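Residue 3 is where the sequence shown starts when you use our numbering, and the numbers rise one by one after that.
Read the hints as simulated data drawn from the structure, not as lab findings.
Note that the coordinates shown come from a computational prediction; the quantities given were computed from them, not determined experimentally.
Where is the CB? At the ideal position from N, CA and C, for every residue including glycine.
Among the clues, some could well be false.
[Claimed, not checked] Label pairs and their computed distance ranges (CB to CB):
(1) L895 to A626: 46 to 54 Å
(2) V1021 to D865: 58 to 66 Å
(3) R688 to A626: 56 to 64 Å
(4) G558 to S526: 26 to 34 Å
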Amino acid sequence: MDGRVPAHLRVVRARDRRRPRDVGERGGWLNTRTLLAATLLVSACGAPDPGPWVEEDGFRWRELRPRGSGGFRPLDGSDLGVSFLYDVDEETRLRNRVLAEGQGVAIGDVDGDGLADLFFAGFGRASALYRNLGGWRFEEITPPALPLEDVLARGATLVDVDGDDDLDLVIAVHGGRNRIFLGDGAGGFSELEDAGLAGAWGSTTLTLADTDGDGDLDLYVANYKTRQVDDLYPPDVLDINHLQRGEDGNLVIPPDLAELYDEHYRVEFDGRFVRRFELGEPDEYYTGLGDGRFVPAAPVAPLARSRGNVSTPARGWGLAARFSDWDEDGDPDLYVANDFNSEDGIWINRGDGTFAPAPNEAVRTTSLSSMSVDVGDLDRDGDLDLLTTDMLARDAAERLVQTPSYEAVPERPGLTDTRIQVNRNAVQLNRGDGTFAEAAWELGLAASDWTWGALIMDADLDGWNDILVTTGHAWDQLHGDANARVAAIPGLPADRALRMFPPLAQPNVAFRGGEDGFTDVSESWRWGFEADISHGLAAGDLDRDGDLDVVVTRLGAPPVMYRNDAAAPRILLRLRGAAPNTRGIGARIRLEAPDGVPAQVREITAGGAYLSSSEPVASFAAPADGEMTIMVDWPDGRRTRLRDVVANREYAIDAGAAEPVAHGPATAAAAAGVHFVDISDRLGHRHVESPFDDRLRQPLLPHSLDRPGPGLSWIDVEDDGDADLVVGSGRGGSPVLIRNEGDGFAAPRALVPALAWDATAVLPHRSADGRVALLIGTSAYEAGSPAEAAVAPAVIAAPLGASAPAPPLIEAAGTSPGRLPAATGPLAQADIDGDGDLDLFVGGRVAPGAYPIAVDSRLLIHDGDALRADAERSLPFARLGLVSAALFTDYDLDGDPDLALAVEWGSVRLFRNDEGRFTDVSDALGLTRLTGRWNGLAAADFDEDGRPDLVATGWGANLDLPFAYSLIYGDMNRDGVVDLVEARMESGAWRPLRGRDVLAVPGGLSALLRVTYERFARVPLTDLIGGLDPERRLDANELRHTVWLNRRSGFESAPLAAVAQRAPAFGVAAGDLDGDGHEDLVLAQNFYAGRPGVPRYDAGRGLWLRGDGEGGFEPVTGSRSGIAVYGDARAVSLADHDRDGRVDVAFGVNGGETRLYRNVGATPGLRVALEGPPSNPRAIGARLRLEYANGTFGPAREVRSGEGYLARHESAQTLGVASPATLHVVWPNGEETSVSIPSGTLEVRVSPTGTGGSSGG
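Whenever a hint applies, use it, and build me the whole structure from the sequences.
In structure tokens, the structure reads:
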């Protein structure tokens, strides 16, 4: 250090620099009464001044002396000397509604006295600068050199743009040139006339960072619109009916409106429907010169957006923008929050200050009307996550009154490389590899009312980031009844329409972060202390106690100062960077604590908050004792590591002592390589799924049921020892065989001609005379009528090789009279009657057009000649429910296969086999405690006690639904259609979960259109829908993926890890994926057949969960596993397809490419091929277990045919082997075989008489 104390770290208050003011002058001293009241108000919550600075090598520190009791203390700015008032009269707002959207505040030390000062952008009155006097007193010191009386200043940032160590002022101007004022370090400013900022747009939020790595700060300006088109033109001019179809079929815009449309609209026409989108104004991006001046950046992204082959300037509705290095490659990326369903700008820095749009796979879902954006580590994994805010109401009833202007609809099958927009907040959890999982519902952050500003900060200093938001609006333009009244008056002028909307004053909202997500603590923290209309917010340490206080701007009311009363130990950090970036903007700071406490990560930023800018400091929670380390990664790539950090200190670190550091891979996993390698291109297969709109016959379906597959089966069809892959198909396609040739795969071959139905599961079948066929489950869900569905076969047989198709292999009558036809779901095989051959369970999935009425499932018994339906044995499965998955497992170890089922709108069911007859023991075993919407089911010995445990997949926790709710069904309006209402019991009455318009769609409960939105939201459902009978309902109390451990007295349940709950899952497979001797899990995730407004759940991409041998599972990151299935995955199936002793994973994707991941990271295990009798050559039903030399056992493994979700795994088993062992096999007939496995053995074939050969490596 050169010994010169930088202006922003000086501690002597420069009172002599203040220009004296007379009482009564604008911004002058407070009157005595007000000053006394303010002094008394803050004395109770004030903290002692910090101690003196102590100089060290490369840094300095001083003691903090916090004193607080928790939460915030809201202080009216007018009581503290801040007389600024933001207000725009109603008539002005009605002429230009943008003027009601607020103004911002910037926090920073402008006079070098060590206290953070305040600048308020004047939007409707002159801007104002306030000096912090300490003790929560402020005085206005707006210098004459800030001539802003007639300037509509909306946003502001205090930042050093000329590198002289003083804070300068950058102002976003509405409808005029943006301005830069250079600070003199004493509170004075002078305008930089040749700053280089051009344009006269509706500028909102400013954000600065060194985007091109040249050491100075560059500038991005988010622009909204100076005036909306509705406020510019009368309704008759804007009538969309002026657009007509021309003689050539194309859309014609009248010549007199061509200029208007070129300036204000983007029009889409698909030949049937016209969609018109109003355009915002282009944003601005400038390269800094280091002396306060800027020049326009090259005309490339992020100012251009491609549509098809055309690149056009981005015309979004920018409300906020934020630079952040979320991909940790050393340069700042950019997120632009755009309103009005214009796409958010998500831009990745190429390293030179130019940007490329983030791939759609990286960010799958965003807010429709993004109003703010902030960045911070929300799940405490060390990565920076993204938050955008929207307008969804927190209260469930208020949400039912809202009517969004646009809702995304489900896309055609197979279309996955898209990004959708939803009417709510969006949280992008950073996976650490450049991609994000959207998890707002899971974290409790999807709704925060009409939200403008948002700050991510650790307000209570517990180590977890919290979120503070500002809310409210001059007009509640989402109010359904008000919108209906406006729509009822044709040609209503815009100002009159606005008058018809009620005002929307709302309390601000605080969310406290923690391990289980976020909790609304607004009341206990005294954050949402009154309903108002708040806009900008910024954070800074206004009282020098080390925690961050917050300033909020309001419409028609003085600003609120939220004094942070956090009581926990803390650390405050300031940086002194190399000029011209003297505040170290863009630096990433990491605080590492002892004893395995997760690190905390912060960035030093300039601007980016809605219209506002926080003080460039970082506040951390600190343990009261124990060694801590601060690591600063500076924007120029150097690093400072400060050890022996002590709690309750403020540190100021100078970049002069920083050392160069090499940038390696972004994560350790990237350096170590991935566990699975994608070899899907070797399969060359894509699933066929024909579009089908099942809402035409059942309009109130909560989601579509027409996309069940594909199923996947690994079957050695040629008896050559290699597992071949069979993939199911949708209606109009054919199931295919992809033959494994040892060194590759043959081209897919259709097993049967194109089917009229979906092909679900596929299993092998061998008859007594040696004929071999594949059994294909066929779902008639898309049948045109119940009669057509009733005669459709549940299962068909596809002969293999030279096997003749006759006599028939399956004899099963159609649907019995008086019973609903059941579309086939899962298939599972086992020798249930002990006669040596394999029988078949056929699960009834759903009755076409009658969801969710229970349907029958059946047993088909193999009598040597054919599979024949056994009515008597099938009685326990009559009207069982909606069976989505099935498997046979000997849960009680009595030697015969029991049957486990996953039921949608029911419990996981277990049927005990007693000499070929089944008894439902689910209740006795504790399985009926949890009712859910189960999708897939797997069984394995997860805790290695020799008993098979269960795991079932559901819909997870990242849903727009409560954890427990009901589905009420029936023909409620007597039109012959089964109606469906999702509801919850609240205060003794049934309340709807979906909005009025969702239920009142054509063919639905259209009588609700006569009910106001307010009444619909407040009145019990039983009073709204006459035919609704709550007794006809199905209940769910657990939607999460759940594991059940098999204890002697029953099953104990526990949900899988939170990461696993981020998306629905269908397929689930259990196997040892890393060769460590413990059973792992892999999930096939997502669901794309949703409903309008919630078209898909897409936060998954396939997940490996590593088992610990005790029943627990640890998620493996995608960057480490290598699995990345972004589409609508269904089945997942396991096989060691290349016989290298490692388990490979295949995924079936609805409408998409079949995926295969080769395992290259596992320790090679022991491959065991069992040789059973001719009637059961793969020994289905056998149980294997390794015993080690020390007397311990590995997990028991069962050989099955049919499990997971429409899946079959390879019959040969790959077991992790820790040391030389003995392999014990219990055969389906109860006989036992034990085989010694020498060290190094890779493969062994075992028959009931012993080993049939082995190979080693």
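Cross-check of the supplied hints:
no.: 1; hint: L895 to A626: 46 to 54 Å; verdict: holds (53 Å)
no.: 2; hint: V1021 to D865: 58 to 66 Å; verdict: holds (59 Å)
no.: 3; hint: R688 to A626: 56 to 64 Å; verdict: holds (59 Å)
no.: 4; hint: G558 to S526: 26 to 34 Å; verdict: holds (27 Å)
Checked against the numbered hints above, the structure breaks none of them.
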